[in-house]
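Those protein sequences? They're chains A and Y, same order as listed. If you're matching positions, the first sequence starts at 1 in the numbering used here and goes up one per residue. If you're matching positions, the second sequence starts at 1 in the numbering used here and goes up one per residue.
Keep in mind the hints are simulated off the structure, nothing from the lab. Using N, Cα and C, we set each Cβ at its ideal position, and we do this for glycine too. There could be a bad hint or two in this list.
[Unchecked claim] Each pair of labels, with its calculated beta carbon distance range:
| hint | chain 1 | residue 1 | chain 2 | residue 2 | range |
| --- | --- | --- | --- | --- | --- |
| 1 | Y | Lys59 | A | Pro496 | 54 to 60 Å |
| 2 | Y | Ser141 | A | Leu224 | 55 to 61 Å |
| 3 | Y | Thr56 | A | Ala306 | 29 to 35 Å |
| 4 | Y | Asn63 | A | Ser399 | 52 to 58 Å |
| 5 | Y | Thr126 | A | Val91 | 44 to 50 Å |
| 6 | A | Leu494 | Y | Thr126 | 25 to 31 Å |
| 7 | A | Thr324 | Y | Asp224 | 43 to 49 Å |
| 8 | A | Gly225 | Y | His16 | 47 to 53 Å |
| 9 | Y | Thr126 | A | Leu327 | 55 to 61 Å |
| 10 | A | Leu327 | Y | Gly29 | 19 to 25 Å |
| 11 | Y | Val27 | A | Ala306 | 31 to 37 Å |
| 12 | A | Thr251 | Y | Gln227 | 51 to 57 Å |
| 13 | Y | Thr10 | A | Pro496 | 52 to 58 Å |
[Claimed, not checked] Listed below are several chain Y residues computed to face chain A (Cβ distance under 10 Å; list not exhaustive):
| hint | residue |
| --- | --- |
| 14 | Glu54 |
| 15 | Lys59 |
| 16 | Ile65 |
| 17 | Glu88 |
| 18 | Ala116 |
| 19 | Arg152 |
[To be verified] Here are some of the chain Y residues that sit facing chain A, going by a computed Cβ distance under 10 Å:
| hint | residue |
| --- | --- |
| 20 | Leu52 |
| 21 | Thr156 |
| 22 | Lys159 |
| 23 | Arg184 |
| 24 | Arg187 |
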Amino acid sequence: MLAVLAQTGAGALENFLTFTVFGVVLASVYFIAASGLVVTYTTTGIFNFAHGAVGMLGAFAYWQLHVRWELPALLSALIVLGVLAPLFGFVLERVMRGLEGVSTVTKVVVSIGLLFALIKLAPIIWDPKGSYSVPAFFGTDKVDIFGAGVTYHQLITIGVAAVVALALRWILFGTRAGVSMRAVVDNRSLAQLTGTRPARVSMMSWSLGSMLAALSGILIAERLGLEATALTFLVVNAYAAAVVGRLSSLTLTALGAVILGLAQAYTQGYLQENPSWMPENWSLLAIRGVIPVLMLFAALLLMPNAPLRTQGIQRSREIVGRPTWRLAAIGSVVLVAITAVVALVVSDADVLTIGMGLCFAIVMLSLVPLTGYGGQISLAQMTFAGFGAYAVATWFDGSVLGIVAAILLAGAVGAIVALPALRLSGIYLALATLAFAFFTEKFIFNQRALFPTTAKPVRRLELPFVDLSSDRTYLVFLAVMFVLAGLLVVWLRLSPFGRRLQAMKDSPAACATLGMNLTRTKLQVFALSAGIAGFGGALMAGLQRAADTNQFTALQNLPILLMAVVGGLTMVSGALAGGLFLASFTLVPRWIPDFDVLGTTSRALVEDLFALLPGLLGITLGRNPNGAVAQIGAALRERKERAALDPAERTSRLPVDPVADLESAGVDRPFTDEDVELLDRVLAIDEAEVAAGVTA
Amino acid sequence: MSLLDVSGVTVRFGGHMALHDVALSVVPGRIVGLIGPNGAGKTTMFNVITGLQEPTTGKVAFNGIDITGFKPHDRAQRGIARTFQRLELFGSLTVEENLLVAGEVRRTFGEHSASAADRTTEAMATVGIEHPADIRADNLSTGQARLVELARALVTRPKLLLLDEPASGLDADETTTFAALLQRLVRSGIGILLVEHDVPLVMSVCTHIHVLDFGELIARGTPDEVQRDPRVIEAYLGTPAEAAS
Ligand SMILES: Nc1ncnc2c1ncn2[C@@H]1O[C@H](COP(=O)(O)OP(=O)(O)O)[C@@H](O)[C@H]1O
Ligand SMILES: [Mg+2]
Chain A
1 MLAVLAQTGA GALENFLTFT VFGVVLASVY FIAASGLVVT YTTTGIFNFA
51 HGAVGMLGAF AYWQLHVRWE LPALLSALIV LGVLAPLFGF VLERVMRGLE
101 GVSTVTKVVV SIGLLFALIK LAPIIWDPKG SYSVPAFFGT DKVDIFGAGV
151 TYHQLITIGV AAVVALALRW ILFGTRAGVS MRAVVDNRSL AQLTGTRPAR
201 VSMMSWSLGS MLAALSGILI AERLGLEATA LTFLVVNAYA AAVVGRLSSL
251 TLTALGAVIL GLAQAYTQGY LQENPSWMPE NWSLLAIRGV IPVLMLFAAL
301 LLMPNAPLRT QGIQRSREIV GRPTWRLAAI GSVVLVAITA VVALVVSDAD
351 VLTIGMGLCF AIVMLSLVPL TGYGGQISLA QMTFAGFGAY AVATWFDGSV
401 LGIVAAILLA GAVGAIVALP ALRLSGIYLA LATLAFAFFT EKFIFNQRAL
451 FPTTAKPVRR LELPFVDLSS DRTYLVFLAV MFVLAGLLVV WLRLSPFGRR
501 LQAMKDSPAA CATLGMNLTR TKLQVFALSA GIAGFGGALM AGLQRAADTN
551 QFTALQNLPI LLMAVVGGLT MVSGALAGGL FLASFTLVPR WIPDFDVLGT
601 TSRALVEDLF ALLPGLLGIT LGRNPNGAVA QIGAALRERK ERAALDPAER
651 TSRLPVDPVA DLESAGVDRP FTDEDVELLD RVLAIDEAEV AAGVTA
Chain Y
1 MSLLDVSGVT VRFGGHMALH DVALSVVPGR IVGLIGPNGA GKTTMFNVIT
51 GLQEPTTGKV AFNGIDITGF KPHDRAQRGI ARTFQRLELF GSLTVEENLL
101 VAGEVRRTFG EHSASAADRT TEAMATVGIE HPADIRADNL STGQARLVEL
151 ARALVTRPKL LLLDEPASGL DADETTTFAA LLQRLVRSGI GILLVEHDVP
201 LVMSVCTHIH VLDFGELIAR GTPDEVQRDP RVIEAYLGTP AEAAS
């Protein structure tokens with residue numbers, strides 16, 4: 001987008017200055033966005049993946065007020081920032097409040113669900129075929145600074161970032177709520193204590209976070225235009241700045257934003273041609289789009305090890321059922337039988353869609369050992385599947401070896417990606433995998449050397465005794481493959497490795513003090529999981545006779561995780577349900593009779609609804625983190641199990657609630673007002689400082 | 001030679017000094033007590049020894065090797081095991097699985113001669129777990145859970161055992177049985193460092209006691225010496241009025 005700026009006639013110095021100004025402007029937007037992330041994370045312990053989507057929504061709302069309804073720019077901005085964004089913050093707080101006592105996985109999934117729902121919601125409200133442009137503040141007038149033309153809009157952006165920095169400094173150092181926010185910044189276990197404080201701090205921080213997100217969205221929309229996905233992920237770039245600040249320090253976040261903005265501006269400005277030393281059909285130019293992602297990775301590498309915290313026995317709301325071989329065998333036979341019947345009766349198009357559902361199910365199955373048993377998060381399973389698809393498209397031409405290559409390649413890639421993030425806690429692994437998904441989409445899968453066209457032809461697997469060339473046979477074959485992979489996962493759960501994964505999820509600290517090498521265990525399960533995903537990707541490519549990079553974009557990872565969790569991550573049947581749900585979103589609108597409803601067609605309406613569904617379902621997970629299949633199973637099982645217990649034994653006598661680390665403050669009982677005082681003392685919060693509102 | 005030697009350990013949490021220049025040692029075949037009021041820094045000391053908490057300054061040596069910079073799992077492999085004051089059982093696993101997980105951890109320094117299953121059975125017998133082994137760990141009462149944690153630590157066949165308030169949640173009878181169990185354990189040659197609020201229990205089983213107060217080591221010696229120490233009486237054993245509050 002900066003190509004225009006590098007006019008050939010202009011002097012080198014002017015160019016440099018122009019790039020620098022652009023870098024500082026970008027840095028300003030990144031800082032505003034990242035500071036919002038940091039504020040909510042430090043006060044609530046929730047990393048809001050939907051932060052970018054909130055910014056996107058803010059930009060659209062501003063457009064609606066200012067361009068469509070022709071309100072003055074300042075008034076529109078004030079309405080968005082002063083009314084709509086805080087209101088949205090309240091809603092977010094309500095959604096997130098239900099998340100106490102659930103695992104990091106569920107927290108991540110809920111905010112990913114929100115992200116996904118908002119991305120799908122925007123084009124329903126604002127038809128993507130329309131044209132949306134947001135005029136700059138004060139038009140295109142420029143002031144001349146050392147020969148570089150700087151628009152007023154750019155100046156305002158930089159100024160606003162400076163004001164935000166000062167205002168946040170004042171809030172964090174000069175107000176009671178702010179001081180306690182700041183004090184807990186370096187200590188997560190103590191930060192949890194604020195979770196038991198009145199909801200006001202949490203309300204405030206969600207509103208503040210939403211305002212900052214919306215502000216960044218409004219400021220950048222002028223340059224980027226209004227397009228839901230692009231705008232959302234632009235703010236996602238700010239993650240890198242936030243991670244440089246270790247999700248806690250605003251000063252370091254600002255530094256991260258500046259480095260990020262400048263690095264991006266200079267690469268965009270100076271990297272105009274593909275360097276001659278690149279091998280044929282490889283392009284370095286795409287690196288311009290992945291600078292933030294690379295920086296996120298670098299920042300993660302430099303993070304210190306996460307200390308292992310003790311937490312007491314958690315009576316987690318998420319339950320992992322114990323599979324039995326009998327049930328697994330019955331399930332396997334039933335699945336294959338039903339698929340065989342279905343394959344005979346449905347239409348050609350439906351065979352393909354259901355087949356896709358089974359492939360999705362295999363990819364989701366890869367999350368069962370990783371996330372369901374081991375408690376690790378990955379937002380790159382579809383990307384690993386893409387590597388699997390690449391492998392079958394490239395090597396061994398339809399032989400079984402192609403599938404083996406797919407599993408090995410995806411597994412190896414998974415291990416390499418996970419290695420830097422494994423010593424960190426859950427949220428960073430999620431970020432690292434998401435960053436990798438972006439990197440792959442924008443820099444690997446679009447290299448001509450790997451994928452000459454977006455869809456690379458694939459020769460379907462050839463087996464000695466069955467002919468898979470018919471789609472209907474292939475569908476049954478997919479069911480058999482799902483069963484095989486599913487049995488592997490069941491076996492895993494019942495093996496010592498499965499036990500080890502469960503133990504790691506329940507108490508990493510106890511595992512380590514028993515001699516378990518957590519990093520190695522995580523690496524093993526990550527590679528295994530990526531391998532299963534690669535297997536799914538290879539089968540998907542076989543089904544379509546093509547490895548289509550559009551199916552392996554970063555965004556595609558989100559519905560996979562969402563629907564897998566909705567189905568239930570702790571069970572093989574949950575993965576199957578998740579995959580079929582996802583396919584049904586294409587299937588059901590196809591079956592709906594088409595008629596007019598209020599100016600649109602019924603089918604369009606259903607399609608809109610179904611586009612929102614994965615996100616909406618994801619958001620509701622806070623209430624029921626076990627997934628649909630487990631919910632039904634539990635209702636049946638509960639009666640039996642509880643009846644077997646002595647009435648006195650029916651309630652657990654262990655701490656059930658997510659007890660914050662009270663002990664670490666020397667407190668062994670529920671948290672009272674005196675304890676707040678004690679906490680303040682431990683945290684060295686000075687009441688006098690608070691009272692005086694010192695801005696030191 | 002002593003099994004564990006901690007010297008000059010200081011731990012700072014922001015402005016708060018949780019431990020200040022503390023030294024202690026444990027020899028094989030003995031129970032050493034570590035007592036002090038709530039918040040004195042006992043659990044923090046355990047975390048330092050097991051590697052969960054990096055000390056600001058100070059040194060931890062085990063069997064003569066400086067392990068200060070070692071990872072928690074590496075220390076465990078060398079023979080340090082612990083229980084947790086706030087219980088860190090694997091809640092979603094059964095009692096038996098909790099022990100099996102511990103038994104199945106691969107040993108860096110030579111595999112145990114007995115299988116994981118055998119060691120599990122043995123540890124359950126040692127601590128006397130009689131309730132069904134297939135009950136989920138998060139359904140246990142606190143007293144039962146403490147015993148299971150102890151058994152889980154024993155499955156790794158430690159040389160040094162750190163027990164963080166193991167008798168809280170036990171009734172009088174159970175405490176007596178528990179004291180006998182501790183005596184039996186040390187007779188096999190392991191060293192035990194015991195944190196416990198039940199003063200009579202500590203006085204009866206320990207050969208040596210360290211007293212912490214606000215992160216400072218205020219006394220060390222035999223139970224008799226410690227009980228007579230005026231600073232200990234003031235700071236910890238306290239006046240009756242204070243003890244009641
Ligand atoms: N992770 C931590 N962060 C900050 N302070 C802590 C932390 N852990 C412990 N502390 C502080 O260290 C002191 C000692 O705690 P602890 O070792 O748990 O005491 P004890 O086990 O003797 O009751 C406490 O006053 C507590 O405030
Ligand atoms: Mg303690």
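Status of the hints after comparison with the structure:
1. Between Lys59 of chain Y and Pro496 of chain A, the C-beta spacing of about 36 Å breaks the proposed range 54 to 60 Å.
2. Between Ser141 of chain Y and Leu224 of chain A, the C-beta spacing of about 59 Å keeps the proposed range 55 to 61 Å intact.
3. A hinted range of 29 to 35 Å is violated for the C-beta pair Thr56 of chain Y and Ala306 of chain A, which are about 18 Å apart.
4. In this structure the hint that Asn63 of chain Y and Ser399 of chain A lie 52 to 58 Å apart at CB holds, the actual value being about 55 Å.
5. A hinted range of 44 to 50 Å for the beta carbons of Thr126 of chain Y and Val91 of chain A is inconsistent with their spacing of about 56 Å.
6. A hinted range of 25 to 31 Å for the beta carbons of Leu494 of chain A and Thr126 of chain Y is consistent with their spacing of about 27 Å.
7. A hinted range of 43 to 49 Å for the beta carbons of Thr324 of chain A and Asp224 of chain Y is inconsistent with their spacing of about 59 Å.
8. Taken as a hint, the range 47 to 53 Å holds for the pair Gly225 of chain A and His16 of chain Y, whose Cβ atoms sit roughly 52 Å apart.
9. Remark: the range hint 55 to 61 Å for Thr126 of chain Y to Leu327 of chain A is contradicted by a beta-carbon distance near 36 Å.
10. Hint check: Leu327 of chain A to Gly29 of chain Y, Cβ distance near 51 Å, so the stated range 19 to 25 Å is violated.
11. The hint said 31 to 37 Å for the Cβ distance between Val27 of chain Y and Ala306 of chain A, and at roughly 34 Å that hint holds.
12. Evaluation of the 51 to 57 Å hint for Thr251 of chain A and Gln227 of chain Y yields a pass: the beta carbon distance comes to about 52 Å.
13. For Thr10 of chain Y and Pro496 of chain A, the hinted distance range of 52 to 58 Å is not satisfied, since their beta carbons lie about 40 Å from each other.
14. Residue-level restraint check for Glu54 of chain Y holds (minimum Cβ-Cβ distance to chain A is 8 Å; threshold 10 Å).
15. Given the 10 Å rule on beta carbons, the hint for Lys59 of chain Y is violated: about 19 Å separates it from the nearest Cβ of chain A.
16. Because the beta carbon of Ile65 of chain Y sits about 16 Å from the nearest beta carbon in chain A, more than 10 Å, this interface hint is broken.
17. Taking 10 Å as the C-beta cut-off, the interface hint given for Glu88 of chain Y holds, the closest approach to chain A being about 4 Å.
18. The interface hint given for Ala116 of chain Y is met, as the beta carbon of that residue sits about 8 Å from the closest beta carbon of chain A, less than 10 Å.
19. A distance limit of 10 Å between C-beta atoms decides the matter here; for Arg152 of chain Y the minimum to chain A is near 7 Å, and the interface restraint holds.
20. The restraint placing Leu52 of chain Y at the interface with chain A holds, with a minimum CB-CB distance near 5 Å, inside the 10 Å limit.
21. Look at Thr156 of chain Y: its Cβ gets to within about 6 Å of chain A, closer than 10 Å, so that hint holds up.
22. For Lys159 of chain Y, the interface hint is violated, since its Cβ never comes within 10 Å of a Cβ in chain A; the closest pair sits about 13 Å apart.
23. For Arg184 of chain Y, the interface hint is violated, since its Cβ never comes within 10 Å of a Cβ in chain A; the closest pair sits about 22 Å apart.
24. At about 24 Å, the closest approach between the beta carbon of Arg187 of chain Y and any beta carbon in chain A exceeds 10 Å, and the interface hint on this residue is violated.
Comparing the model with each numbered hint stated earlier shows that hints 1, 3, 5, 7, 9, 10, 13, 15, 16, 22, 23 and 24 do not hold.
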